[in-house]
Amino acid sequence: MLNKSYYLILIISIIIGISFWIGFNVNLLPDEASINAPIYDELFKILFIIGLILFIGMTALVIYSLFKFRKKEGEFGDGIALEGNLSLEIIWTVIPSIIVLFVGIYSYNIYDRMGGMNELNHNHETMNTNSEKIWAGISQANSINSDLDQTAIEVSAMQFAFLFNYPQGEFISGELHVPVDQKISIKMESKDVIHAFWIPEFRIKQDIIPGQPTILNFTPTKIGKYPIICAELCGPYHGGMRASIIVEDKSDYERWFNQNNKTNL
Amino acid sequence: MTILIDNKAKVKESLQPKGFLRYFSFSLDHKVIGIQYLVCGFIFYLVGGTLASAIRIELISPLSDFLPRDVYNQVLTLHGTIMIFLWIVPVVNGAFGNYLIPFYVGARDMAFPRLNAVAFWLIPPSGLMLISSYFIEGAAQSGWTAYPPLSITTPQSGQIIWILSVLLLGGSSIFGGINFIVTILKLRRPGLKLMNLPMYCWAMLGTSILVVLSTPVLAGTLILLSFDIVAHTGFFNPALGGNVVVYQHLFWFYSHPAVYIMVLPAFGLVSEILPIHCRKPLFGYTTMVFSIMGIVVLGLVVWAHHMFTSGTPPWMRLFFTIATAFIAVPTGIKFFNWVATMWGGKISLNSAMLFSCGFIINFVFGGITGVALAQVPFDIHVHDTYFVVAHFHYIVYGGSVFVIFSSIYHWYPKVVGKLLNENLGYLHFALTFIGFNLCFAPQHWLGLNGMPRRVAEYDPQFQLVNQISSLGALFMAISTIPFLVNIFISIKKGAIAGNNPWNGLTPEWLTTSPPPVENWEGEAPLVREPYGYGKDYLS
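As given, the protein sequences belong to chains A and B, one line each in that order. Residue 95 in our numbering sits at position 95 of the first sequence, and the numbers go up by one each step. Position in the second sequence counted from 1, then plus 1000, gives you our numbering.
In short, the hints are calculated from the structure, not lab data. Note that this is a predicted model, so its numbers are computed, not measured. Any given hint could be a false lead.
What the hints assert, rightly or not - Have a look at the derived ranges for each label pair, beta carbon to beta carbon: (1) A:I9 <-> B:P1216: 46 to 54 Å; (2) A:N85 <-> B:M1195: 12 to 20 Å; (3) A:G174 <-> B:T1050: 16 to 24 Å; (4) A:G74 <-> B:M1195: 32 to 40 Å; (5) A:L66 <-> B:P1525: 25 to 33 Å; (6) A:Y6 <-> B:N1499: 43 to 51 Å; (7) B:Q1461 <-> A:G174: 44 to 52 Å; (8) B:R1528 <-> A:K68: 30 to 38 Å; (9) A:S87 <-> B:E1422: 32 to 40 Å; (10) B:G1241 <-> A:A161: 24 to 32 Å; (11) A:K68 <-> B:P1525: 28 to 36 Å.
To be verified - To give an idea of the interface, some chain A residues facing chain B are shown, with a C-beta separation under 10 Å as derived from the structure: (12) L10; (13) N36; (14) K71; (15) Y108.
All C-beta atoms in this analysis are idealised placements derived from N, C-alpha and C, irrespective of residue type, glycine included.
Model the full structure from these sequences, guided by the hints.
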């Protein structure tokens, strides 16, 4: 009996060990290029490891049972007439409940750190001068810089393009240029059907809904060019509805902004 | 009383066409209707599978070069609609439900045989209508979700035919649901208590409650949507002051429970198959019953997790995260109970058992990604990407479809009276299992790395993984060949099965194969312990 539980603990430890090793060494995600990305990846790693432990464990149990309890050639009769076991049932109700609760609370914490629980309309006073209602979006709790130098951009989506309006410079661009390490606030509205604004490297997505403006706040942390992808089926050219976000350092961004700035003329 | 039943039986029998022809008739026999559902569903499965192949061929290369763009969207819309409404829902509910439930409750037929036949005969015309829309002005192209305003602005005829056909299929589903509830609660043989019933009855009771509660909401929603399209009302049209997010709430109020309508009966079927082939009682009968009912209740309050990136306020996201994640608990109980059922058994590793074990492994995987998707911050990145496509195929294909195949291997000897060829069954399983995992496992990576769903073109860096996925789809397509060969050859040349080839204790095995019209020659047997394997009185 002691021998048996020794083996059980050994096997469980091996499964947990393998899961942790895979969780820390196999990267399934793209680059991290915003403040949200490392927070997201932390959650992903935890979920990945828990998922691996459960999946490897269950698969191992099924395959082991198939070999161990397989009926031998010419063998007749039934297995043991075991109809249930209350303490086992309690164990596999309570342990998953604890895991699910832990994951739920943990992801709530992650969501809060991403700014998901912030009041949208309050946060957007600076930008909504006409105090238009914001219906949904992702805000951001703590950015590197204060709210004062946040860059506000308006995005309008239509079949099958994104247009980026820079109100401070009164110009419209087909590419989204933003300065690095600065909080960006975009307000999005659709001209026709539902679209979605997704930057995989930033781990953020928000639907763009006709008649219901939404917002998205993010802080890019890595200079580079990343795709903006429409993720909601919007018509025949949905797959081609792409734009780029160019994250550049502050001086490059200001040079680009001044080249396009119409208020200077 | 018995004489009366016998006379009725004779009258009923004399009115029905005999032999092969009765499958094309308005038969009232629940067994005939069950087979009608199954064969009809399988034909639509082949159509839906052909459409899936077209999608996978398009995605072999990064450019949109195989199908015209609007046709591609029609193909993905039809693929989703056919697989859900014409294959999985009618087969796991209608086919196996109709065939098995009267046996399990000890009845000679369903409570409402005519309603039953009507429910089935709504399916072929609405399916044909749906497919025919392609040849009129093109089928619907707004996805099986038909979100407005896209569904309002795309060509109208296809969308309207889509709505009509889904309404008819929903009606069929409601008729079936009412029939199952009444049959299970009211037609039980005297002496048979609810807690004596085989687990599939409980699964069908839970499923039918979901069908009856949620399908009318979908029907109402689609009627409003059709008003918006035809009569230019403004329920969901933002240009006329409508709200597109309301549609999403109403749609998912049905369509999330629809997932349980597809998997709960599958859970029930597995609970019948495992004990017989493991020679052990079903582990934890009572907890299984409670977990089914727990899934039914929770399944009704999780719909907004499909809308974490649309217009939902933060508190709502939090509530739906927790409710969704908690479904994992009753579901997990069922899986632990199945493994416990296998533990210490004397397992025959035949095709039915292989598909059931494949189901357990696939579904655990899909369930784990499901719990991850329930977490708002996780979902925000992968929502509407191939990660979600992979996840729900693990649930509905790796789950429900594997169980359908397992059930066909398990009950074919009862229905036909012949055994299926096991070697062809192994080949079918190997091709399906490898093909399925090759097709869908890599799609998780695609979604995480930036490939949205429902696209005909993608970044070149995703080409290799998409080709692996398409290769898997090819395996899945090939896998239907040994299956069909097996089915057709065994009808003529299969070994005689006998009445009870698996030595099962559930009531359908206690009659002839195939069973007589009235299910039993004499009185229905009273089976109080459908899972009494290994008990003394048997030996």
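TODO: Hints the structure violates: just list their numbers, smallest first.
DONE: 3, 7 and 12
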